[in-house]
Amino acid sequence: MSEQLTRDPSTQSTESPMIEIRDLHKWFDQFHVLQGIDLDVQRQERIVICGPSGSGKSTLIRCINRLEEHQRGHIIVDGIELTNNIKNIEKIRAEVGMVFQHFNLFPHLTIVDNLTLGPIWVRKIPKKEAEDAAMHYLEKVHIAEQARKYPGQLSGGQQQRVAIARSLCMNPKVMLFDEPTSALDPEMIKEVLDVMIDLAKEGMTMIVVTHEMGFAKSVAHRVLFMDYGKVVEGNTPHEFFENPQHERTKLFLSQILH
Amino acid sequence: METVSKALDPETLKPPVASVGVLGWMRKNLFNSIFNSLLTLFTFYFLLKVVPPFVQWAFVDSLWFASSEACRAGAGACWSVVTKNIRFILFGFYPYDQQWRPLVSMVILFTLLGFSRNRKFWTKSLGYAWIAGLFSMGLLMKGGIFGLEPVESTKWGGLPLTLLLAVFGLTAAYPLGVLLALGRQSKMPIVRVLSVLYIELIRGVPLISLLFMSSVIFPLFLPEGVNLNKILRAQAAIILFTAAYIAEVVRGGLQGIARGQYEAAGSLGLNYYLTMRLIILPQALKIVIPPSVSILISAFKDTSLVVIIALYDVLKTTQSTLSNPLWMGFSKEAYLFVAVLYFLGCFSMSNFSRKLEKELSAGG
Chain A
1 MSEQLTRDPS TQSTESPMIE IRDLHKWFDQ FHVLQGIDLD VQRQERIVIC
51 GPSGSGKSTL IRCINRLEEH QRGHIIVDGI ELTNNIKNIE KIRAEVGMVF
101 QHFNLFPHLT IVDNLTLGPI WVRKIPKKEA EDAAMHYLEK VHIAEQARKY
151 PGQLSGGQQQ RVAIARSLCM NPKVMLFDEP TSALDPEMIK EVLDVMIDLA
201 KEGMTMIVVT HEMGFAKSVA HRVLFMDYGK VVEGNTPHEF FENPQHERTK
251 LFLSQILH
Chain B
1 METVSKALDP ETLKPPVASV GVLGWMRKNL FNSIFNSLLT LFTFYFLLKV
51 VPPFVQWAFV DSLWFASSEA CRAGAGACWS VVTKNIRFIL FGFYPYDQQW
101 RPLVSMVILF TLLGFSRNRK FWTKSLGYAW IAGLFSMGLL MKGGIFGLEP
151 VESTKWGGLP LTLLLAVFGL TAAYPLGVLL ALGRQSKMPI VRVLSVLYIE
201 LIRGVPLISL LFMSSVIFPL FLPEGVNLNK ILRAQAAIIL FTAAYIAEVV
251 RGGLQGIARG QYEAAGSLGL NYYLTMRLII LPQALKIVIP PSVSILISAF
301 KDTSLVVIIA LYDVLKTTQS TLSNPLWMGF SKEAYLFVAV LYFLGCFSMS
351 NFSRKLEKEL SAGG
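Protein chains in written order, with our numbering: chain A, 1 to 258; chain B, 1 to 364.
Each hint should be verified, as a subset may be incorrect.
Pairs of lysine-lysine residues, derived as BS3-like cross-links and limited to a Cα-Cα distance of at most 25 angstroms, are as follows [what the hints assert, rightly or not]:
#, chain 1, residue 1, chain 2, residue 2
1, B, K120, A, K149
2, A, K91, A, K124
3, A, K149, B, K286
4, B, K187, A, K91
5, B, K120, A, K127
6, B, K124, A, K128
7, B, K120, B, K355
8, B, K301, B, K155
9, B, K301, B, K230
10, A, K87, B, K187
11, A, K140, A, K128
12, A, K190, A, K230
13, A, K149, B, K355
14, A, K128, B, K358
15, A, K128, A, K190
16, B, K286, B, K124
17, A, K140, A, K190
18, B, K124, A, K127
19, B, K358, A, K149
20, B, K230, A, K124
Have a look at the derived ranges for each label pair, beta carbon to beta carbon [as the list claims (entries may be wrong)]:
#, chain 1, residue 1, chain 2, residue 2, range
21, A, M135, B, L113, 36 to 42 angstroms
22, B, V205, A, D23, 53 to 59 angstroms
23, B, K120, A, Q30, 54 to 60 angstroms
24, A, Q30, B, I257, 27 to 33 angstroms
25, B, F218, A, S182, 23 to 29 angstroms
These are computed hints drawn from the structure, not numbers from a lab. Idealized CB from N, CA, C, for every residue including glycine.
Given these sequences and hints, build the entire structure.
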């Protein structure tokens, strides 16, 4: 992964941010898992979030599509504020795609049916059109020949690529990745990261929680380090890895880059 | 270097006689240890003592169509108690000359069931066929139009009554049970409390008391003049009872579904109803096919309890033939016959469920 993708500075200024997070707090009972997060994600920006387990990084992105509820602060996705309003939640979920660590494919449906489910039932797209789109995305992730199989018959790497294609079928504006390669055997990690890099090249806004630092270096516009519910540090990959500012960041980097 | 010895050539060497074939199977499965050998011998002895005399009694010495005097003189089974009373056993008090009507109804039902066995036939037209079939069955039984003599539901009995209570009971109880299971898991407190109350109250009483209550207490709650017929009341009791048990079994299945499934469905934008219908319930219901079918088989047999409210199901009609002095004392034959009927019904249900399980596991 030695390709350096150009980081376009013009994405920074003109339009409103894709995602705005202001003073976000969340508690799991008494545990203060997110302690005042402020974050702007511009359109077409790619952010990698890293940090030790328990730091709240997964919780943060799961708040963005309401898989977790925040108790204080604001989350605004593409101008829509995320509240208890069901309509808003549904609108936001239609624009935000998510890829999970454990794939979460639907085991009782074929690969194609996994992909067409959302478009048919949520976007009300006719079956034939949805299937054509599904085959297009399956080809994009290089797995079209498995279309009629069931998830249980695929390897981990194949399943994760299907999961990515499934999210893409809904034409989201943002893709969230929650440790997408952490549950994969090492030889399958590359095939998934390659798909994610292709996605990046096409200009998708991405927030990726991962430990794959090579990916961060080659694709991210910003790398954020989270610890104990706060964003400790955030910088361009070059600055982040060469000149970490905080002690905790340095400690974490020394542990994972060996 | 190839030194293949002729003696080891697989084509000429045959396995020892006693290790393959029937002898081999017997040796491996029946006589492989002292304990198993003793058990096998004991079982053979037991079967030898029981089966030939039974065959002798049931088939060799039996009389199938003779009169009751000839039966008493004979030593074998008297199947005449069944054959001579077959119309009453099968149709109860339904008017004798109109009995072709429940017969045709049952033929329609069995045809529909036969088609429904094969999932390939589960199309919209089958659904319409079922609606039309059930409707015509009701018309045939009730009569009153198309020149059919009206027959009051109090006269319905025997096998059609058992099948009616079972088919409607089970098909209505299942969706109700699923709704209750979902209600019990609901985040809305009222829904959850009501579901729990229902399930626990119903599970706390025997079906027989529910039938009794439906017959005696229920009418007290109905407004003046509204009179639900007995069969409807019995039907309601069976549905409400079975639904509570189905609910708990389905709840177990729901608990087996990983949270990630809910999350993936949510992240795609599916609402509660679609998530349940497309993702969660298909997986959960598939897992609980074995215990669900157990409950349905039990419910089928429990229809015999309606004797308590003086409805003549097939068990009661069979029993009634024995109170006739002519046929008194031939209870063995009568009850064996009814047992075979129930066995056929229950076995075909469990057979279908095994078939369904096999088909569904082929995929995901």
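Hints and how they fare:
no.: 1; hint: B:K120 <-> A:K149; verdict: holds (20 angstroms)
no.: 2; hint: A:K91 <-> A:K124; verdict: holds (14 angstroms)
no.: 3; hint: A:K149 <-> B:K286; verdict: holds (19 angstroms)
no.: 4; hint: B:K187 <-> A:K91; verdict: holds (22 angstroms)
no.: 5; hint: B:K120 <-> A:K127; verdict: holds (21 angstroms)
no.: 6; hint: B:K124 <-> A:K128; verdict: holds (20 angstroms)
no.: 7; hint: B:K120 <-> B:K355; verdict: holds (13 angstroms)
no.: 8; hint: B:K301 <-> B:K155; verdict: holds (21 angstroms)
no.: 9; hint: B:K301 <-> B:K230; verdict: holds (19 angstroms)
no.: 10; hint: A:K87 <-> B:K187; verdict: holds (19 angstroms)
no.: 11; hint: A:K140 <-> A:K128; verdict: holds (19 angstroms)
no.: 12; hint: A:K190 <-> A:K230; verdict: violated (30 angstroms)
no.: 13; hint: A:K149 <-> B:K355; verdict: holds (22 angstroms)
no.: 14; hint: A:K128 <-> B:K358; verdict: violated (30 angstroms)
no.: 15; hint: A:K128 <-> A:K190; verdict: violated (32 angstroms)
no.: 16; hint: B:K286 <-> B:K124; verdict: holds (22 angstroms)
no.: 17; hint: A:K140 <-> A:K190; verdict: holds (16 angstroms)
no.: 18; hint: B:K124 <-> A:K127; verdict: holds (18 angstroms)
no.: 19; hint: B:K358 <-> A:K149; verdict: holds (18 angstroms)
no.: 20; hint: B:K230 <-> A:K124; verdict: violated (47 angstroms)
no.: 21; hint: A:M135 <-> B:L113: 36 to 42 angstroms; verdict: holds (39 angstroms)
no.: 22; hint: B:V205 <-> A:D23: 53 to 59 angstroms; verdict: holds (56 angstroms)
no.: 23; hint: B:K120 <-> A:Q30: 54 to 60 angstroms; verdict: holds (56 angstroms)
no.: 24; hint: A:Q30 <-> B:I257: 27 to 33 angstroms; verdict: holds (29 angstroms)
no.: 25; hint: B:F218 <-> A:S182: 23 to 29 angstroms; verdict: violated (59 angstroms)
Hint check: violations occur at hints 12, 14, 15, 20, 25; the rest are consistent with the structure.
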